[in-house]
Amino acid sequence: MLNILLLGIGQCGNRILDAINHLSLGGGRFSKYYSQQQYVSNVQTIAINTALNDLKELKHTRAKDRVHIPYLHGVGANRNIGKQCFIENRDMILRTIEERGNFDVAFVITSASGGTGSSFTPLLVKELKERYSFPIYSIIVLPFREEGTLYMQNAAFCLQELRETSVDGVILVDNQFLKQAGKDIKTAYDSINRMVADRFLFLIRALDSEMMMVTDLGDFNTLMASGARLATFGFAKGGKNQSIKDVIKESMSPRGLLFSTQPYEEAVRAMIIIQGDKKYLDINEITSEVETLSSNVGHVFKGVLIRNREEPQVLTIFSLSASEELDKFYLEAIEAIKKEKEQKERTKSQKEVANDLFKGIEPEY
Amino acid sequence: MKKHAILTLLIFFLVSTPSVFAADKTSMDFPLNVGDSVYFEDGYYKVKLVRTDDVMGFAWLNFSCDTMRCGYDPKELKGYQDEPNCYPTSLNQIICIKKTREVTSNRAIVNLTFPSDWSWQIITAEELKMPKLVVRKTVDKPRVKVDEIVQVKITIENTGNGSATGIDIDEIPITALIPMGEELEPKIRDPLPAGESDSDTYLVQAVKSGTFTIPKTSVRYWDESRKNEYTAESNTVSVTVLAPEVKVSKLTTTIQFDKENVTRGEEITATILIRNVGDAPANDVDLITRLPPGLELVSGALEDKYHEIKPGSTREVKAVIRAVKVGNYTLTPRTVYSDGETTTTSPVIIVTEEVVEYTKYLYLIPILLILLIIIAIVIKRHREYSF
Ligand SMILES: Nc1nc2c(ncn2[C@@H]2O[C@H](COP(=O)(O)OP(=O)(O)OP(=O)(O)O)[C@@H](O)[C@H]2O)c(=O)[nH]1
Ligand SMILES: [Mg+2]
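Top line first, the protein sequences correspond to chains G and A. Every position in the first sequence, counted from 1, becomes a number in my numbering once 509 is added. Every position in the second sequence, counted from 1, becomes a number in my numbering once 3 is added.
Possibly wrong hints are sitting among the right ones.
[To be verified] Calculated pairs, EDC-like style, for lysine to aspartate or glutamate (alpha carbon to alpha carbon, straight line, at most 16 Å):
| no. | chain 1 | residue 1 | chain 2 | residue 2 |
| --- | --- | --- | --- | --- |
| 1 | A | LYS363 | A | GLU387 |
| 2 | G | LYS573 | A | GLU387 |
| 3 | A | LYS135 | A | ASP193 |
| 4 | G | LYS565 | A | GLU387 |
| 5 | G | LYS568 | A | GLU387 |
| 6 | A | LYS135 | A | ASP171 |
| 7 | A | LYS328 | A | GLU299 |
If you're looking for bench data, these hints aren't it; they were derived computationally from the structure.
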């Protein structure tokens, strides 16, 4: 049994963590009152935030798993303040994690664009890496592009800083790419969070399975270590009359992915985990699909979980060597940074002009 | 013995019979109208002209003698010129019709032969008319109650062949049936012709109970000629006067409980019914029911007062009582009223200690436990998840 640490930092990280906990309880509205968490592994979840209200909003995460960092009135999308805040509270945060015991793997979920999550995560990863040997993966949510220059800038710096740490992999989730998930911002957030939860729970179940023909944590680590240490998930659930081939294809299509990727071009390794009742799992179809994939991306880790009376589900994980989408994102971010800088300079010169004007003038009463 | 009797009879005959053996006979002409009679020896022998046949000159005569004494049957004989006919027989010639003369449609002169020492007398048809009154007494109701009125009817019928006159009715009153009105003098048509009847009534009131006889009515009357006075008497009538019904009220009281075996603290509904089974209203009715110690009144009442309870009607009193002590209890409602009082005893109420059957609720324990566990889990979970 694996010991897994799951951290959700900032509002976005907290909410996705809550969605994972909710799903592990069965997903019902009142399931927290009667249901047990269905993790196969020992999963420790911790939600960290500077905003008390964000923590209060959570419904399916235990109170003891919610850690409030009291800091003024939050960090307000300012990563410098966020970093300052982390440094001041670092010992407390680390102690909280330490108290939870030893882990085989850790996941840190956060948005890249906010204040708290984006500034805490790189620093926290660095601290944890220095202390522990277990791999740490980060699930990073990219903002809607129209959310503003500040968010773009934050996201770019966050990603940059994160990749400078020895993080074992960054799994990308792009709000912009998944925009169609809901008709308003709230439902979009909820369904994106649910999509992440589906994939994450599927993944840890597969990693902790004792069945034959399965992938394990070692395989996952190898997968993530290759390429640019960037990755994303694809997922699909098949209907009764859908062939397993179609389900696999769907998981790799834009409908199944969390980030805009061209798997055949950009992926260097892949992992494909198939689950469901035996009758859906046509081994020939699976083999031919996996072969097509491996002939394009290289090694493909393959796992099959037989689950009686369950409809077929497919999780695909791609580790990317390059990402056209991410490059585009960086460019946009740089534009944003420039804009911010120009604005600042304009303000500064404006101030200097004013200073010149008022030189030697005293108010007369 | 037999000879003796015949001898005695013979002597009797010789003594009592006018001397029919006398050889001396007299013949005499009697001018008679139809209906007239010749009475010999004051009517011991009678000869009556019944009818005539003026064309033939016949006259029919009815011969009779005092049947009780002479022993001869009456006989109708025809009188004709020179053709004698005798009575009682042609051998025993006591009276003979020798001849008739001057026969008209209603008259004839008849020549009769009879012993010469006999007296005789012509009695005309008028003189023969004799009234005979029959008096009957009836009442309209032979059985009455005290204070009721009885009608007494006196009917007088003249069954004779002559009118009755000077009718004097003597009616004697009795003290138990007092005549109403002035005098007790029944009025009857006077004179009362033969064959007719008349009646009169009077009313009497029964004043006491018993069986009473209204005595005979005595009637005295005369014939038309006022020569003869007669009397007649009615039957008696008895009237039964029933004792007056005494009307009194009579109350019965009953008490019932909806249950008689109760546990302490349980409530019992008591129903008391008072019913007037008498035939007069009961007045000033007072129902008194003492509640024995150990029972207490919860609601309603066990006592009441009524001004009047009509015959046949019922009053109901309801109360809820509760046993506060274990024991056996009876209630004795007493009803006091104008015509008496009555007390009744209720069934026994047996009050036992309350026994709670815990076993009955045993099945609840696991349910409660499960519920408690569920609640505890929910609360625990709620605490776990509230931040
Ligand atoms: N997918 C998803 N994105 C979210 C959610 N909540 C916020 N975001 C995104 O997260 C970014 C904002 O970051 P937050 O996580 O809200 O910020 P924070 O880390 O709490 O930092 P501060 O609030 O600035 O202190 C925006 O790009 C949002 O679009 C969520 O529930 N789901
Ligand atoms: Mg926030």
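Hints breached by this structure: 1
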